[in-house]
Structures are given as structure tokens and as C-alpha cells.
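J.: Single-letter residue listing:
Number of protein chains: 2
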Amino acid sequence: MSQKRQSTAITGNLLYAQSGGVTAVINATAAGVIEAARGKGVKVYAARNGILGALREELIDTSKESAAAITALRHTPGGAFGSCRYKLKSLEDDRAEYARLIDVFRAHEIRWFLYNGGNDSADTALKISQLGNAMGYDIRCIGVPKTVDNDLAVTDCCPGFGSVAKYTAISTLEASLDVASMAETSTKVFILEVMGRHAGWIAAAAGLAGEGEDEPPHIILFPENSFDEVAFLAKVKATVERVGWCTVVASEGVRNAAGEFLADAGTRDAFGHTQLGGVAPVLAALVKEKLGYKYHWALPDYLQRSARNMASKTDANQAYAVGKAAVEYALAGMNAVMPVITRTSDSPYRWKIEPAALDKIANREKKMPADFLTLDGFGITAAARRYLAPLIQGEAHPPHGRDGLPKYGRLKNTAVAKKLPAFEH
Amino acid sequence: MSQKRQSTAITGNLLYAQSGGVTAVINATAAGVIEAARGKGVKVYAARNGILGALREELIDTSKESAAAITALRHTPGGAFGSCRYKLKSLEDDRAEYARLIDVFRAHEIRWFLYNGGNDSADTALKISQLGNAMGYDIRCIGVPKTVDNDLAVTDCCPGFGSVAKYTAISTLEASLDVASMAETSTKVFILEVMGRHAGWIAAAAGLAGEGEDEPPHIILFPENSFDEVAFLAKVKATVERVGWCTVVASEGVRNAAGEFLADAGTRDAFGHTQLGGVAPVLAALVKEKLGYKYHWALPDYLQRSARNMASKTDANQAYAVGKAAVEYALAGMNAVMPVITRTSDSPYRWKIEPAALDKIANREKKMPADFLTLDGFGITAAARRYLAPLIQGEAHPPHGRDGLPKYGRLKNTAVAKKLPAFEH
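As they're listed, the protein sequences go chains D and Y.
With the first letter of the first sequence counted as 1, position 186 gets the number 186 in UniProt numbering; the numbers rise by one all the way through.
With the first letter of the second sequence counted as 1, position 224 gets the number 224 in UniProt numbering; the numbers rise by one all the way through.
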């Protein structure tokens with residue numbers, strides 16, 4: 001690597017953009033990118049609101065930020081430059097967008113583009129990496145992994161997942177201590193709804209809260225299994241009768257045998273609209289209706305993916321490391337790769353960062369291995385624990401102010417002067 | 001005090017019971033009680049599941065626990081001995097229950113009863129404090145304050161509130177950073193539903209997340225004000241147009257002009273049941289219907305009151321201090337009092353513990369002062385900030401294990417041998 005780096009002769013600027021749902025640690029990746037590039041004397045522009053900023057020529061000059069401000073990104077949740085949900089079409093379907101990107105890159109001497117996101121973003125990064133040949137402008141593009149969904153191929157895990165996993169495990173543990181205290185006269189069934197529409201990684205992480213059938217969570221509902229009402233109710237009943245109470249963790253993506261989301265099938269609001277993100281109240285109503293138990297349910301929604309105050313140190317470190325590696329790969333002349341996390345040991349946990357080809361990652365989805373789920377489908381196996389446990393290890397509490405709040409960073413986000421006419425599209 | 005303490009001649013055991021909804025720090029109060037009593041050579045029994053344990057003669061011998069196990073209670077959420085929702089009737093209406101309590105007290109030489117709870121518990125404690133005269137058994141009863149609702153009279157604040165206040169302020173801040181990042185193409189309105197059915201103390205604490213009209217939370221909905229749909233929608237719209245997004249924090253107790261809970265008026269589940277704890281989805285649907293904005297909502301439920309991992313140090317310290325003081329008052333021969341928190345300075349924040357008469361506390365409710373709410377009813381004033389800010393100051397992170405989870409304590413809870421026949425009631 002070091003030889004390759006030294007042979008880099010291209011000069012120019014590096015553009016970094018955040019894409020898709022943000023996480024508790026995506027800004028740590030930004031810090032890794034900016035600090036590594038500064039160390040090499042390369043200027044980093046950031047696109048405002050992800051790829052939209054690149055199309056609109058809304059660029060941010062990160063060289064205007066102090067070293068302390070960049071370091072603070074390591075412990076600041078959200079996306080410091082803004083993110084977006086916007087997928088580029090194929091080059092054949094919308095050549096104008098790609099031509100515009102090249103215009104913006106050329107106008108601002110952008111030679112390296114780092115795109116920080118999930119599956120869709122890896123696809124976008126791959127397309128842009130091919131523009132050098134297709135459109136005659138030398139651009140190197142590196143995908144940088146990020147997603148709480150943990151569903152990127154090749155990489156052992158995704159930056160962002162470890163922290164939401166830790167949030168989920170700790171929340172399951174804490175709420176269960178509450179429920180256990182009160183079960184004699186109050187709530188007997190507690191339901192925690194977590195993110196993960198297509199894969200149960202986050203729900204699985206709740207399983208780290210306890211081990212053994214009497215410890216919470218007693219039941220995990222995965223999107224990988226179709227919901228079996230009879231088996232579910234039987235297990236809730238058996239758990240309450242044996243333990244006195246029952247904690248259920250449900251993925252938002254739980255579906256019935258017909259393949260419909262339970263959340264959609266269930267609750268409607270005052271206007272008759274289906275309520276999204278509401279599998280927990282549907283399950284709660286079912287428990288009440290069929291078993292008569294008092295219930296409570298929680299739906300932390302964005303809280304789970306923004307809770308930097310309880311982030312995993314492992315996750316925060318990996319998020320930083322992929323950012324740093326992405327710059328090293330770019331400056332070494334690599335193209336169409338992503339720095340991925342390779343696990344070299346479960347216990348003690350050891351990992352390293354390696355480059356992987358974007359075409360092995362784009363538009364693929366890593367499923368949860370079948371042997372991660374127990375036979376009854378309501379829990380996680382030892383294999384799952386071996387995989388998940390290291391990812392929540394270590395605390396990375398942000399500094400707090402005297403006011404009792406975390407001291408989250410705030411950037412100036414100074415705009416780079418536009419050089420092009422507005423993009424009409 | 002110290003003279004009074006030394007003059008105490010009564011010998012016997014002390015009974016401690018937890019009551020009502022538990023908090024992140026009620027076990028810190030238990031630690032304060034047990035450590036103070038041990039220091040005086042007094043044995044502490046704990047009632048299993050609150051007053052029910054006293055009635056059922058289900059007592060726990062805390063002397064069987066190690067010093068380390070008791071110290072671990074300082075950072076363990078939930079109720080270590082179990083709690084309950086159970087209100088004693090008046091002595092006239094149910095003399096048998098009181099007679100049973102006296103029987104249990106007498107059988108186990110219980111001379112001091114410490115009851116750790118909210119308004120109802122203060123009432124129970126007051127009634128028991130009067131049994132000495134009414135039923136000829138010398139029992140001293142001390143109420144010990146605890147409630148996330150912060151609605152106890154006399155005391156400046158209630159142990160348990162500071163931590164849920166901190167949870168709410170931090171969650172508001174973190175989720176808002178997430179929303180701000182994504183607002184260009186995704187969620188524009190985020191709604192966080194918090195506890196507080198009758199008073200808006202917890203909702204008010206969200207206001208500590210930011211200051212100024214552009215900072216979150218942009219709108220707080222209090223149970224103290226009846227919901228004004230037109231004004232609410234106008235403020236959401238103006239905020240989204242000015243800031244780009246809008247964070248709303250809503251108390252679960254928000255009511256419409258007819259006095260009905262918005263949550264009740266709103267969502268019904270698949271079985272046609274009204275969904276409790278659901279003002280957030282009702283508001284979200286309203287925003288979507290009338291303004292067309294994409295929304296997300298969160299309902300942390302028990303997570304907010306059990307999140308010991310992000311507790312307020314001020315709160316944890318106060319919870320311990322009231323436990324310790326309760327023992328000192330009891331052993332000094334006081335009866336029918338509660339250790340309350342008296343604020344002596346806002347900034348720097350200073351407080352002390354003092355005894356207050358239970359009959360000034362029982363069955364009363366501290367309302368939020370009218371001057372804590374802004375004129376438009378959607379925010380908190382400088383007076384509210386002065387009051388609230390100190391309560392979330394300081395971090396008291398629990399120790400974490402190598403597994404990345406907080407090391408929460410677990411007691412043996414050794415039962416005291418029963419001496420009486422079962423209570424038939």
C-alpha cells in the first residue's frame with residue numbers, strides 16, 4: 001500500500017458524501033476521511049445532502065473547519081453534511097445526471113469521490129467509478145460502508161450496526177428489569193419494536209441482553225420467519241406462567257403467512273390510514289385479546305440509530321477506520337472498491353480493514369445465516385452470539401457539558417462558491 | 001439530629017418497600033437505606049413487591065446480601081425487591097389489612113417502615129404512621145420520595161425525574177440531529193411521545209435539548225393545555241418552512257378541547273380497541289393528512305424510565321440521599337415525615353435534604369407553574385429552564401462488563417421464614 005500511495009501523482013480535491021439513513025457513527029467515518037486526507041495534504045469537499053449536493057453543486061469546504069471540530073465528529077450522531085435518499089438511474093436511462101456530476105467534478109477538480117452508504121450507495125459508487133472510461137474524466141470512486149441494517153455483502157459487519165445493536169441489547173435489559181419489578185400487579189408482557197424491515201439483525205442483537213430461557217428477551221420475532229400466531233401466544237403464555245412476565249422484541253418487518261407486514265395489517269389511525277412502524281401495538285392487542293395480559297410496548301424509532309451517547313466503541317472505531325482506509329485506497333489509485341471489515345478472531349475479537357470490489361457488494365444483500373435462529377424461531381443461537389457479541393463491546397461515551405447534555409459538534413459548513421449554472425433536470 | 005439519633009432506644013428491624021412505577025434510580029434509594037441502616041447496626045428487611053409483600057409476609061432479608069451487591073444497587077434500574085400498584089383503603093374501610101400489617105410488623109419486630117413511592121404511597125405511609133395510636137403497636141413510618149412524574153408536593157423535585165428528564169432531553173437532541181440530516185428528501189416532522197399523563201414535567205424537560213426557536217424541540221405539547229389543532233399545524237408548517245424540519249415532543253396526556261385524551265380519540269387496533277399510549281401516531285397522521293409532510297414518531301415507553309445507562313448524576317445522588325436520610329429520621333424517632341429535597345441555589349445548583357410532614361404531601365399533586373410555559377403554549381420559559389437544568393446535570397454511567405452491557409446488580413433476595421398463617425382476604 002505505501003508504495004502505491006507514494007506513486008500517486010494525481011492532484012486535486014476529494015469529495016465525500018453521506019447517503020441514506022444516518023447512524024450514530026457515520027460522522028466518525030467523516031472524521032476518518034477528513035483527518036486522513038488532511039494528513040496527506042488533500043482538500044476535502046463534502047456534498048450537502050449527499051449525492052444531491054453533488055448534482056446541485058452544493059459543496060462544503062471542510063478545510064474551513066478546525067481540527068477540534070473534525071475530531072468532534074467522532075462522537076456526534078446524525079449526518080454532519082446532510083444525507084439523502086436518492087438513487088441514480090443507470091447511465092443509459094439518465095445520462096444527463098452523470099454528465100452533470102462530471103461537470104461538477106471537473107469544475108472543482110474533484111479526482112476522488114467517497115460515497116458513504118448502504119447497498120444503493122454502493123451501486124451508485126460503482127456506476128460513478130466507471131465514468132472515467134464512459135465519459136472521459138478521470139475519477140476514482142470508493143464506496144464507504146454504513147448501515148444500521150448490517151446487510152452489506154462481503155464486509156463482516158457494517159459501521160452503524162454495532163451501536164444500534166448495543167442500544168437494543170441495553171434497552172431490552174433495562175426495560176426488562178422494570179417489567180420484572182412490576183409484573184405482580186402491572187405489565188406482564190412488554191414488546192419492543194426495532195428497525196429491520198427485511199432482515200432481523202437488529203432484533204437478533206436484542207438476544208445479547210440475556211441467555212437462558214428465563215432471561216429476556218424471551219421471544220424475538222424476525223422478518224425471516226412468517227409470524228405464527230399460535231406458537232407466539234403459546235410461548236408468551238408459557239413464559240408468563242413460568243417467569244411471571246415476558247419480554248418480546250419484534251422486528252418492524254414481521255410478516256404474516258400471506259407475506260403482509262403485520263404492522264400494515266393491523267392498526268389504522270383516526271383517518272383510516274395504515275400506521276407504519278406499528279407491529280408492537282398489533283402484537284400487544286393480540287396478547288390482550290387472546291391472553292388477557294396487561295401490556296406495554298415501545299417503539300424507539302430514530303432514537304435507536306441516533307443514540308451516540310450509548311454507542312459501541314467497537315463500532316465507532318470501525319466507522320473511523322473505514323473512513324481513513326477509504327482515503328488511503330483513493331490516494332493509492334484504487335477505484336471501485338470499498339474498505340470492508342474482516343474478522344480474524346471472535347474471541348478475543350480482532351478485525352482488520354481490507355479493500356473489496358464494489359461489484360461484489362452493489363445491490364446484494366447479506367441475509368442472516370439460518371443457523372443464527374433457534375429451532376422454534378424465537379431466539380438466537382450460540383453461533384449468532386459469537387458473531388454479535390464483539391460488535392457491542394466497549395463504551396465510547398461522548399463528552400458531556402456542564403449542562404448534562406452530550407457536547408455534539410456543529411460544523412460551519414461553509415459553501416464552496418458555485419462555478420456552474422444551476423442544474424435543470 | 002445527631003442528639004436525637006443517639007437518644008433512640010428502640011430496638012428492632014427496619015422494613016423497606018418500593019411502590020408504584022419504578023425508576024432508573026429507585027434502587028439507589030434502596031442502597032442509601034440499607035447502607036445507612038447497616039452503619040447503625042440495624043437489620044433491613046425488604047417487602048417483596050411493595051406493600052403486598054408486607055401483607056403476605058413475603059419479606060427479604062437484605063443482611064444476606066454482600067456490601068458489593070448493595071452498592072451495585074446504586075447503578076441498577078428497576079425495583080430490586082419488586083414493586084406494586086396497590087393502594088390501601090382507609091382504616092375505617094378495611095381494618096383487616098392494617099391489622100395484618102401490624103401482625104407482620106410484630107412477628108418480625110419491625111419498628112420502622114420506609115415506604116418508597118409517589119403520592120399514593122405517601123398516603124399509605126401516613127396511614128401506617130398513625131397505626132401506633134390506632135392499633136397499639138409502636139411503628140414509625142417514613143415516606144421516601146420517588147416518581148418520574150415529579151408531582152410530589154413540598155419537595156423541590158422527585159428522585160427518578162431527573163434521569164427521565166435527561167433521557168428525554170438527550171433523545172430529543174439526538175433524534176433531531178438525525179432528522180435534520182435527512183429532511184431534504186425524507187422525514188420532515190418527528191414526534192416523540194413521553195410519559196406524563198397529568199402533568200407535563202417530562203415533556204418540559206425535552207425543552208432543555210435546545211434554545212431559540214430554530215432549535216429542537218420546536219413544539220412541546222403539554223397536558224396542561226388543551227390541544228389546539230389549528231395553532232399546532234400552523235406552527236409545524238412555519239417551522240418546516242423556516243428550519244426545514246420540525247421536532248415535536250408530546251406528553252401522552254395531551255387532551256382535546258372536550259377533555260378527551262388525544263390518544264384515546266385516535267388510533268384503534270385490528271380488533272377495534274383503542275390503543276393506549278399513542279398520541280404520537282395520532283399527531284403524525286394529522287400532520288400527514290393536513291400538511292402532507294413525511295413523518296416518523298417514537299414512543300420510548302419504559303425505556304425512558306429504566307435508562308440507568310444515561311441517568312442524571314444529580315438524580316442518582318439525590319435518590320441515594322433521601323434513602324440515607326429516611327433511615328436517619330427513622331432512627332432519630334421521627335414519624336410521618338418524608339425526606340424532601342430543598343433547593344438552596346439554582347446556579348451553582350445546591351440542595352439539601354430536610355424532613356417534611358407527610359400530611360402536607362399525601363394525596364396532593366404539584367402542578368407545573370403557569371409561568372413555565374411560553375405564551376403560545378408550545379415551549380418552556382427561562383423560569384422553567386432555571387428549574388429543570390440542574391436536575392439533568394452530571395453523568396453517572398454504570399460500570400460496563402467486557403460484553404458491552406452495563407453490569408447491573410442482581411440480589412439473592414433471600415426470604416425471611418414466615419411466622420404467620422397466610423393472609424386470607
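It is worth saying that the hints were derived from the structure and are not from the lab.
Just so you know, these numbers come straight off a predicted model, no measurement behind them.
Check each hint, because a few of them may be wrong.
[As the list claims (entries may be wrong)] FRET-style restraints, in silico, Cβ to Cβ:
no., chain 1, residue 1, chain 2, residue 2, range
1, D, S347, Y, A107, 45 to 53 angstroms
2, Y, K419, D, S345, 54 to 62 angstroms
3, D, N413, Y, N363, 53 to 61 angstroms
4, D, K407, Y, A383, 45 to 53 angstroms
5, Y, K87, D, R242, 50 to 58 angstroms
6, Y, G401, D, E365, 31 to 39 angstroms
7, Y, D346, D, D264, 26 to 34 angstroms
8, D, L233, Y, A67, 16 to 24 angstroms
Even for Gly, the Cβ is constructed at its ideal location relative to N, Cα and C.
J.: Please test the hint of 45 to 53 angstroms on the beta carbon pair from S347 (chain D) and A107 (chain Y).
T.: holds, 52 angstroms
J.: Given the hint of 16 to 24 angstroms, is the C-beta distance from L233 (chain D) to A67 (chain Y) inside that range or not?
T.: violated, 44 angstroms
J.: At the C-beta level, are G401 (chain Y) and E365 (chain D) separated by a distance inside 31 to 39 angstroms?
T.: Cβ of G401 (chain Y) to Cβ of E365 (chain D): about 33 angstroms, so the range 31 to 39 angstroms holds.
J.: Does the Cβ-Cβ separation between N413 (chain D) and N363 (chain Y) fall within 53 to 61 angstroms?
T.: Since the Cβ atoms of N413 (chain D) and N363 (chain Y) sit about 54 angstroms apart, the hinted range of 53 to 61 angstroms holds.
J.: Given a hinted range of 26 to 34 angstroms, is it respected by the beta-carbon distance of D346 (chain Y) and D264 (chain D)?
T.: Check failed, 50 angstroms falls outside 26 to 34 angstroms.
J.: Go ahead and decide if the range 54 to 62 angstroms is satisfied by the Cβ distance of K419 (chain Y) to S345 (chain D).
T.: Between K419 (chain Y) and S345 (chain D), where Cβ atoms are some 57 angstroms apart, the hint holds.
J.: At the C-beta level, are K87 (chain Y) and R242 (chain D) separated by a distance inside 50 to 58 angstroms?
T.: Since K87 (chain Y) and R242 (chain D) have Cβ atoms about 29 angstroms apart, the given range 50 to 58 angstroms is violated.
J.: CB of K407 (chain D) to CB of A383 (chain Y), is that within 45 to 53 angstroms?
T.: violated, 25 angstroms
Violated hints, listed in ascending order, are 4, 5, 7 and 8; each of the other numbered hints is respected by the structure.
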